[in-house]
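Chemist: Here's the letter readout for the chains.
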Amino acid sequence: MSQTRSIDYSTLSLRDALDLAILVEEEAKDRYEELASQMALHHNEESARFFRFMLQVESTHEHQLLERRRKLFGNKPSSVTRTMLFDVEAPDYDEVRATMTERQALETSLRAERKAFAFFDAALKSVTDPETHAFFTELRAEEADHEAKVAERLSRLPADPLITAEDVGDEPVAH
Amino acid sequence: MDDLVIGMAGSGGDGIVSAGESLIAAAAYEGYYAMMTKSFGSQVRGGESSCRVRLSTRRVHNPGGILDIAVALNWDDFLKFGAELPVSGQTVVIYEAKTGVAPGAIPLSGVTPKEVFAVPIGDMAKQATGTDKAKNTVVLGLVAGWFGIAREAMLRGLAKKFAKKGAALIQANEKAFVLGELFAKEHPLATPRAMDRAVAQAGSKLLTDGNDMCAAAAIFGGCDFFSGYPITPSSEVMQFFTTHVWKYGGAALQCEDEMAGIGAALGASFAGKKAMTATSGPGLALKTEIMGLASIAELPLVILDVQRGGPSTGLPTKPEQSDLFAAAFSAHGDVLRPVLAPTSVADTFDVTVEAFNVAERYQTPVILLSDQEVAQRKETVDPIDTSRFQIEHRKLPTETDLQDYARFRQTEDGVSPISHPGMLGGNYQGAGIEHNEHGNPTASGKIHAAMNEKRFRKLAPLKGRKDLFHIDGHEGATLALVAWGSIAGVCREAAALARAEGLDVKLLVPWLVYPVAEEIYRDFFASVRSGFVVEQSHQGQLYRILRMYVDVPAGVVPFCRSGANPIMPGEVVAKLRNAAVALQQPTTSMASED
Amino acid sequence: MTLESSVERKYLAKDFRSELKPIWCPGCGDFGVLQAVYRALAGIGRAPHEIAFVSGIGCSSRIPGYTTAYGFNSVHGRALPIAQGIKLANPELLVLVAGGDGDGFSIGGGHVPHAIRRNLDLTYIVMDNQIYGLTKGQLSPTSPRGLKTPTSEYGSFEDPVNPLLYVLAYGANFVAQGTPADMPGLAAIIEEAIRYPGFSFVNVQSPCVTYGEEEQQVKAHRAHMKTLESLGHDPADRLAAMGLAQAYGQELYTGVFYRNDTPAPTLDALARERQKTMAGQGLPRERILESFVQR
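Heads up: the protein sequence lines correspond to chains A, B and C, in order. Heads up: the first sequence begins at 11 in the numbering used here, then just goes up one per residue. Heads up: the second sequence begins at 3 in the numbering used here, then just goes up one per residue. Heads up: the third sequence begins at 14 in the numbering used here, then just goes up one per residue.
This is chain A alone, in the form it adopts within the complex:
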């Protein structure tokens, strides 16, 4: 399933590529905010906390890219819009569960980073513009780096306890 629509990678310019990358981060940031909010509403503080952390990571990355874009292209309008993106780096909605553990939340992020890696990897196969190619290669490497960081953090996490919230939690409520 293609994660973008109406984007022709073979003609993608650096400016478009930057704009695309910015929106990828923005989309991920917005999604982490939403997921953090869902977790908080469902009283899963540990997962909420992690998603808020990821929100910051994506936000920082987004700002870095925005700076870079501004330096290179100023206020030239963008032709890339959010409607062209579909959860490129943003975790899918069905990745989360109300009773997920922190470990499971990290695993969600891990899969999202892998998804992003796969996206840039696939895009690179079609990209012809050399600057864009270099840029996407860089981004792909960054995703790999993020993935590694998450994996490392995951390794430092203790294993999930024998008894989880799923086991002891109250039954769902009828309305």
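Warning: the hint list may mix true and false statements.
From the structure, some residues in chain A lie toward chain C, with a derived Cβ separation under 7 Å [said to hold, decoys possible]: (1) 15; (2) 47; (3) 48; (4) 53; (5) 93; (6) 94; (7) 96; (8) 103; (9) 104; (10) 106; (11) 107; (12) 108; (13) 182; (14) 184.
Quick list of in silico lysine to aspartate or glutamate cross-link-like pairs, DMTMM-like style, CA-CA up to 25 Å [claimed, not checked]: (15) C:34 <-> A:176; (16) C:27 <-> C:63; (17) C:34 <-> A:37; (18) C:232 <-> A:170.
Computed footprint of chain A on chain C; a stretch qualifies when at least three of its residues, placed anywhere within it, have a C-beta under 8 Å from a C-beta of chain A [unchecked claim]: (19) 40-48; (20) 141-152; (21) 222-236.
What the hints contain is simulated information worked out from the structure, not anything from laboratory work. Where a beta carbon is used, it is the ideal one built from N, C-alpha and C, also for glycine.
Dock chains B and C against the given chain A, drawing on the hints supplied.
Modeler: Using the frame of chain A, we list chains B and C on its own:
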């Protein structure tokens, strides 16, 4: 003679009701006050059918009691109508000679009518038209001949009715009419009974039934949308809307069931239009859930319930007043829903306009509670000056309100400005779930209590609406009648008759039957020691509701009866007479002083 | 810092997002539907205040509150009639209807054929999860035979309704199915359904994360879903569509089952025409009683 009641019965194929319609149309044209009711057997066609027409030179309030004239095209059918066509020693009985019954042996037990005529109606019809089908026209001729009613107008009416069928048919019918007239002239009544000439100017009166009047009034009141489901006896309202509302830029929809019928109307109200639905008892039951939704969503909506015999399928073609509990109390939860009841075709106009005004002003569903009697009887109505009516619209948000709009914002009077889709800044969530001022769902006890309080408080001013109550008679009277809907008309006549006998009786007729206007009833009952709440229902539902909210004097009791058992003015007068006598009996305490 | 878009877009997806936080369980398929609705509405470009979003009762029926449109979360099974009243009263509005499989095909089932044949221009989105989630997991009309739920302890005796087949048989002119497993596809289908002139129906396989089995979740969709396009289906062929719809419950086909490219005029269009033609034919409202005068 200034007041005449004619009752006619035959089989559907005889065109008896058609004759009645010609008669009332002619009478209306002539300027008489008139009413006509119809009654049928359960067949869809060709069953027994009857009608009664009352004409008077004075205003009449009900279709009358004992018949002055009874016309029976056959006795089996006539007798099926029992108490609906009551014959007494004052009645002139006219019947089809072909029934073979001798004038001295007509099958009306316990009664010797004043005069009895066996008339070869069928033969005269055959003579005039070649077939006995024109019996009903012969009957019209008989009536015109014996009672001097509206000859020219009837002939005009017949010509108009058969206009499409050609000159030959019109002439044949005229011949039949004339034959009937001739028979009457050649066999005069022992006591001549010519109808007085009408006082009003010819061609000035309206003639219509409650359903059409309701629909017309709704359109006058600004109603732009109707949706509903066919049900006897309210379908005519839907038919009026589906035919005419487009001319006013409105829309009407016959829906797939009663729930869709009220649902679509509620949607139209949500969209900002004045909307209405119509039904009868069984449909009211089905609409209950969405009525509750309208209350909590605070949306204006008019729901017409034309009451018929209940419960369940009940008696679809008979009037009854047994939906009052349902109208007032249906819908789970704490709901206060206004119920307004017209008493005649004439005031169906006023009450319908008021129903829309109440719905709009208080953003509430309103039950307009009519009954089969008022809805389907034809009645002459004096011209109504529409300029004296105020039309109200829902309170829209101002520019300031829209800066920070809260659909259910608490206000002093409990009514919040209401937006609708298309209004910029007025976006809100309507819902059946309890909500805060912004329309967002809540389960907070505090907010729920506040919202209930708001929804009740906004309607409180209704209880002070003296203009929705009519009191007849002097304030200090000790004898009282309370009646609503079509029975009010029976009691208006009864009260007048009673007063003519010297009885000191006053009558209260509420248009607003719910919520109960406690103060108004308290004031009315203050002087009352004896009386009746007269109702067409087994339980006497208004009486019961009054007892919930008001200290009804012990001497005021229900006089109530299931539908299809007509209550006549004479019966009410008899009860008042007895009550008056009872009031004069010494009480036991007085006796012990001796 | 925001980017200026060179693409003319009156409203962004986030302009349709309200501040209310969804009560849906994390992982619920309805989140994807909501996102797709935001996208679709952004694509269409009507202002939020010109949109009326009507729903019944159920988890999925909460959806209007999560948008900035005018919403009406009404009563169980009655969203379709209410929405039709709104549309007929003001045909200028964009009207959406949403609900679950129970709201639409159980208690609301009687309204479906009539909404279809009436053909007002509105879009009905059903979030089909084969269960009654809000009331704690009872059978729904689309639950498979044998399913064990609190009201079918020993397994259901009943076959499910086939919403796709029914809607096609009732004569709907636009019938599609989607899943959040394919977000681009879902957003496109919903947008196309809204654009379609007349009654349009989108069934979304939107799994319940709390009461549904693991093999019913969105992840599982990805494994076995097939696009109708990939099957070579021609959406102009109603009978072929019905043939494919029969696989409901066994297969997950996504895309447009049927689209009538020459539909009859919508009822709202016909109503408007009639109002135009008949305008002024009646007596003015203040003189309407004159039609009752006996002359």
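Chemist: All the hints need checking, so say for each whether the structure fits it.
Modeler: We went through each hint and held it up to the structure:
Restraint check, residue 15 of chain A versus chain C: the minimum CB separation of about 5 Å is within 7 Å; hint holds. For residue 47 of chain A, the shortest C-beta to C-beta distance to chain C is roughly 6 Å, which falls under 7 Å, so the interface hint holds. Using the Cβ-Cβ criterion of 7 Å, the hint placing residue 48 of chain A at the interface with chain C is satisfied: the shortest such distance is roughly 5 Å. Interface restraint check for residue 53 of chain A: the shortest CB-CB distance to chain C comes to about 11 Å, outside 7 Å, so the restraint is violated.
With 7 Å as the threshold, the beta carbon of residue 93 of chain A comes within range of chain C, its nearest partner Cβ sitting at about 6 Å, so the hint holds. Interface restraint check: residue 94 of chain A against chain C, minimum CB-CB distance 9 Å, threshold 7 Å, status violated. The closest approach between the C-beta of residue 96 of chain A and any C-beta of chain C is roughly 4 Å, which is under the 7 Å cut-off, so the hint is satisfied. Evaluation of the residue 103 of chain A hint against chain C yields a held restraint, the C-beta minimum of about 4 Å falling below 7 Å.
With a cut of 7 Å, the hint placing residue 104 of chain A at the interface with chain C holds, because the nearest CB-to-CB distance is about 4 Å. Of the supplied interface hints, the one on residue 106 of chain A holds, with its beta-carbon coming within about 4 Å of a beta-carbon of chain C, less than 7 Å. At its closest, the beta carbon of residue 107 of chain A sits 5 Å from a beta carbon of chain C; the interface hint therefore holds under the 7 Å criterion. A distance limit of 7 Å between C-beta atoms decides the matter here; for residue 108 of chain A the minimum to chain C is near 5 Å, and the interface restraint holds.
Annotation: residue 182 of chain A was flagged as interfacial toward chain C, and the flag holds, the nearest CB pair being 5 Å apart, inside 7 Å. Satisfaction of the interface hint for residue 184 of chain A is found here, the shortest Cβ-Cβ separation to chain C being roughly 4 Å, below the 7 Å cut-off. For the given pair, residue 34 of chain C sits about 23 Å from residue 176 of chain A by alpha-carbon distance, which is consistent with the 25 Å threshold. Distance hint between residue 27 of chain C and residue 63 of chain C is fulfilled; the C-alpha atoms sit about 16 Å from each other, no more than 25 Å.
Our distance criterion of 25 Å between C-alpha atoms is met by residue 34 of chain C and residue 37 of chain A, whose separation comes to about 18 Å. A C-alpha spacing of about 22 Å is found between residue 232 of chain C and residue 170 of chain A, which places the hinted pair at or below 25 Å, so the restraint holds. Residue count for the region 40-48 of chain C with a Cβ under 8 Å from a Cβ of chain A: 6. That meets the three needed, and the coverage hint holds. Coverage of a stretch by a chain is defined here by at least three residues with a beta carbon nearer than 8 Å to that chain's beta carbons; for the region 141-152 of chain C and chain A the count is 4, and the condition holds.
By the rule of at least three residues with a Cβ nearer than 8 Å to a Cβ of chain A, the coverage given for the region 222-236 of chain C holds, with 7 such residues.
Comparing the model with each earlier hint shows violations of hints 4, 6; every other hint is respected.
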